[in-house]
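**Q** Two independent chains are provided; combine them into the complex using the hints.
Heads up: the protein sequence lines correspond to chains A and B, in order.
Per our numbering, the first sequence starts with residue 1, numbered consecutively.
Per our numbering, the second sequence starts with residue 1, numbered consecutively.
Incorrect hints may appear among the rest.
If we take Cβ atoms under 8 Å as the criterion, some of the chain B residues that face chain A in the derived model are [to be verified]:
#1 236
#2 275
#3 305
#4 326
Example chain B residues on the side facing chain A (calculated, C-beta under 7 Å, incomplete) [to be verified]:
#5 261
#6 299
#7 300
#8 346
#9 350
#10 411
#11 415
Restraint ranges, calculated between C-beta atoms of paired labels, are given here [what the hints assert, rightly or not]:
#12 145/A <-> 293/B: 41 to 51 Å
#13 118/A <-> 152/B: 51 to 61 Å
#14 77/A <-> 357/B: 52 to 62 Å
#15 378/B <-> 159/A: 49 to 59 Å
#16 77/A <-> 429/B: 54 to 64 Å
#17 77/A <-> 378/B: 50 to 60 Å
Please keep in mind that the hints were generated in silico from the structure rather than gathered at the bench.
Keep in mind that this is a model prediction, so the values were computed, not measured.
Ideal placement from N, C-alpha and C gives every residue a C-beta, glycine not left out.
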Amino acid sequence: MRHLKKTFLVVALLGLGACTSPGQYGNSNGANMDGSDASNPSSPAYFSQTVGDRVLFVVNQSSLTDEARETLNGQAVWLNANPEYDALIEGHADERGTREYNLALGARRANAVQEYLLSKGIAASRLQVVSYGKERPVAICSDDTCYSQNRRAVTVISAGGLSS
Amino acid sequence: MNLLRKLTSVLALTLVFSAGAQSAFAQESRGPLRIEITEGVIEPLPFAVPDFVPDSAAATELAQQIGRVVAADLEGTGLFREIGKEAFIANVTSFDSPVQYADWRAINAQALITGAVSVTRGGRVTVKFRLFDVFSGQEMGSGLQLGGTTASWRRLAHKVADTVYSRITGEGPYFDSRVVFVSESGPKDNRRKRLAIMDYDGANVQFLTDSSSIVLAPRFSPAGDRVLYTSYETGFPRIYLLDVSSVQRRELGAQEGTMTFAPRFSPDGNRVVYSLSAGGNTDIYVLDIRSGTPQRLTSAPSIETAPSFSPDGRQIVFESDRSGSPQLYIMSASGGEARRISFGPGRYGTPVWSPRGDLIAFTKQNQGRFHIGVMRLDGSEERLLTASFLDEGPTWSPNGRVIMFMRETAGAGGVASLYSVDISGRNLRRIDTGGAASDPSWSPLLP
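Here chain B stands alone, though its shape is the one from the complex (with noise of 0.2 Å):
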C-alpha cells in the first residue's frame, strides 16, 4: 500500500510540466541514465527486460505478458531499444538477488527492469519492477509495488513501462491511457461508423455505439469518465454526450432546423464547445451542460468550426474561411476579437491545443497534400510531422509527446488507420485496431 501510494505521487509530480520549451526536454539530470529528446536523430536507448519472475505456477503466462507488453510500449515511443532474450548472459530467476551488472554490461544493456508477478485466490495480481541504470551500477528510484485485477494486467504493465519512461526521460507518462474512436466498414459510398474505445496501443477494442447511424468525431471529457460525439440518428447531425461506463447517452443543445457538430469539452468538463449551422451559416457556440443553455460566441457570415479550448479555459482555438480560405484563429472563451495565427500556404483545419498549452497541432492541405502539423500560439515555427493523401484530425497524448490522427488511403478502395508521431517528427506508427478507424480523441491518464 505504501508503495502504491508512492507511485500515484511519481505519477502526479512528472504530470506537473515545466513550463520550458518542448524540445527542451528532460532539463533537469537524474543521473546518468537519461534521454534528451532534441531536433537531432536520436539513438534509442538498449534495456533489458528478462521475463517477470512469477510466485507461482498460475502465474507464469501473466508475468511473461506483462513484461512484453512494458518492452512494447518503451520501444513503440522510438526512444528504447529492447535487447532480445538471446543475447542474456545470464537470467534473472529471483527478484531480491543482487543483479549481476556485469552480465548486462556485456550485452550492452543500459537499462535493465526486473519484476516479479504473483496471483492470490480471487483474481488479485501483484506486480513489484525495479529499474536499474546499469554502467552506474545503481538503481534507479525505489522498487514499486502495483496491485489490480488480473483483467487489468495490460493497465499494470503500462504504469511499470510509464514509470521507466517518466525516470529516465523526466517526461510525464502516457501508456495508461485509453483513445475513443469510429470503426469503420463497408464501402466508401455507405460505411457504417461506430464508436468504440480501445487501450492507447490498440489492445482491447469495445464498441460503444451500433452502427445504424452516422456517428463522427468522439471527444474524451478531461476526467476520461464521459464522450461527446455527433450522431446522424435522427436524420440530422446532433451533438450527443454519453457516459463511458453506463453507455448511456443524451442528445444536447438541440434547436429544431440547425445541425450541430465538432463538439470539445471545456477544461473543467462542465461546458462544451461546437459549431452550429442555420441558415447556411456556421458560427461557435457554447453550452453549459447542466443548465443546457448556449452561448453564441461567433457571429459572421463565413464558417467557424473545429473549436478547442486552451488548457486553462480561457481561450478557444477555431478555424474560420473569414479571410477566403479556412485558418486558424484564437479568440477569448467568451468571443470576441479572434486573431489570425497561420498564415503559410494552404488551407488549416481541426486546430488542437496541446495539453501543456504551448502549442497548437492541426490538419493542413497544401498542393493536394495534407499534413499534421504543430505551430506555437503566435502561428511562429509551424513544423509538418506527416504528408500523406489524407491525414486529419490530430488528438494528443496525455503529456503532449505524441500525437494520434486518421490516414486514409486514395482510391474507391481507400480506407482510414489511425498513427501516431512524435510531435519532433519521428516514429510514426500505424496502430492495429483490427479494422478501418478514424477520428481518434486519446483520453488523459487513466485514474
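Isolated chain A (complex conformation) (with noise of 0.2 Å):
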C-alpha cells in the first residue's frame, strides 16, 4: 500500500515538473516529459516515441485490435528489459457518452491492456489502472477524427523502482 502511494507521487511530480499542460494524461505525443533522452532505448520518452505509449479503441468497446496488441507487445518488451520502472494504465472515451458509463468504459480499456501486459510476464506490483472518462480528451473537435484519438488507454512510465 505504501509502494502505491509512493509510486503515485513520483508519478505526479513527473508530470508537474517536467511539462506543462496538456503534457500529463498521455496529451504528450512524445514530448519528453521527464526530460530523459529519446535517443537512449531505456527512457521513458523512448518508449512513449518509438514503442508507442497508446493503443486505440472502437465505438464503446475495449477488446484490443491487431494493432494494439502489437504496440502493447512492444511495451512488453521494454517493461521487461527496464524492471526499475513502473506504469500507470489511463483509459479514456469519447465525449459521445455520459459521464459515469464513460469512467467505467475507461476502466475497462485500461484493464484489458493491464491484462494484455500481465500476460506478457509483467508483475501485477508494476502496473496500475486509472479511468479518466470523457475528463481529458486529447483531441478537441467534435467529430470522429477527434473521438477515434480520444478512444485509448494510455502507459505512462514512472520511476517505480526507486520505492521498491
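**A** Listed below in C-alpha cells is the structure:
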C-alpha cells in the first residue's frame, strides 16, 4: 500500500515538474516528459515516442485490435527490459457518452491493456490502472477524427523502482 | 411569529404530494384563480407585483429587490406573465389600504401581490405580503409575514414566491432551494473543475473546493446539509463526503486498487449507493456512512453504474450494458434480480427517481443526439423533453415539476451550461451561473 502511494507521488512530480499541460493525461504525443533522451532505449521518452505509449479502441469497445496488440507487445518488451520502471495505465473515452458510463468504459479499456501486459509477464505490482472517462480528451474537435484519438489507453511510465 | 408558523404549515401541507398522476396537477379547486397544468399549451397567468412598500428609507432598496425576485421566480416557471409597471393605473402605497380591484382588472392582472418591507436595527428584515384574486375580488389565503437577516433577503423573496406559486397551482414549492454543481474553466483538454453551490436561480455562487483536482457529479443529501462527489485528489477517482457549512470533507469507502464514483444518498441520508470498478468491471455497492461497511449489490461482468434510490428507499434504478448497450433497470435496494425498464431505440443512462416516486428522468443518446427524458417506472410513456449535441445528467426540483441538467456545445470551443425544463417539456431556460457549469444537483426545499 505504501508502495503504491509513493509510486503515484513520483508520477505526479514528473507530470508537474517536467512539462506544462497538456502533458499530463497522456497528451504529450511523445514529448520529452521527464527530460530524458529519446535516443536512449531505456528512457521513458523512447518508450512513448518509439515503442508507442497508447492504443486506440473502437466506439464503445474495450477489446484490443491487432494493431493495439502489436504496440503492447513492444511495451511488454520494454517493461521487461527496464524493471526499474512502473506503469500507470490510463483509460479514456470520447465525449459521446455519459460521464458515469465513460468512467466505467475507461476502466474496461485500461484493464484490457493491463491484462495483456500481465499475460506477457509484467509483474502485477508494477501496473496500476486509472480511468479518466471523458474528462481528458487529447483531441478536442467534435467528430470522429478526434473521437478516435480520444478512445485510448495510455501507458504512463514512472520511476517505480525508487520505492522498492 | 404566529404568521410565520402559519407559513410553515402551508409549506408542509403542500409537500404532501397527491399520489395522482403528474398531469393531474392542481386537482382540487382553490377558487376561481388557478393554473391547471396539462399537456396542452398554456396561457401564462398575468400578475402584477407593485413595489413592496418600505417602512423607512433604509428599506426602500430591499423592498424593490424583493419584489423583483418574486416576479422573476414566478415568470421563470413559464406559468405566469408579469404586467409591467408602465401599465399600472394606480400604485400601492399602503399595505393595509383596501385593494382597488377595478384598477387591476382594467389592466387584466388576474393575480395581485402586495407587500411591505421593514428593516430593524441589527440587520433584521420583515416581509409581509398578500395575494389577491383580482377578478373574484378576494384575497387568496391570508396574509403572511416572514422574517430573516438582511443577508438572507433573497430567501425571503423566494418564500413569498413559493407561497404564491403553491396557492395558485396547488403544487409544492421549489424556489427556496439551492443547487450544487461543477464550475468549469479552461480548455476542453485541460478543464479545471471545482464544486460550487448557488441559489436555484443562479444567484449567490460560492465555491466549495479549489480546482487542483478533477471533481465530478456532486449530489445533495436529503437534508441539504452534505454533498457527495467524486474527486481525483489521490490520482484515482474516489468518493468524498463534504459538509456544506464547514466545507470539511472526508473520503468514503476507499479500497486500494479500485475506483469509486457515481455516489448518491439513500432517502434517509445514512447510506451511499455508488459504483466501484475493480479489474475492469464496474458494479454497484451500498455503504453505511457511519460504519463504512460496503455491501455489493450487483455482480455481473457488464457495467453497472449511475444508481439512484426510490424515495421510499426500497428500490434502486441504475444503468447497465448487460444487454449489449446501456439500458435502465430497477432492482431491490438489497440487490438481486433486476428488471429492465427502457426499451426504446438508443442508449439510456443517468436515471434519477423523481421525488414523487412516479417517474424516472434519464439521459438518452440516439442517432447522434442527446436527450433528457422521463418515463414511468415500467418504462411506459417515455417522453423526451430536450434534444441537443449533448444534454446530460438530470436532477429534479424539490416538487418534481422541473428538471435541471447540463448542456454542452460541440466543437473545440464547446462549453457546458446548466438548463432547466418543465417535465411537460415546456419552458426550457438557461441558468446564468456566471461561467461554464455542469453536473447540477438540486437540494430539497430549504428549512
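**Q** Quick one: which hint numbers does this structure break? Sort them smallest to largest.
**A** 6, 7, 8, 11
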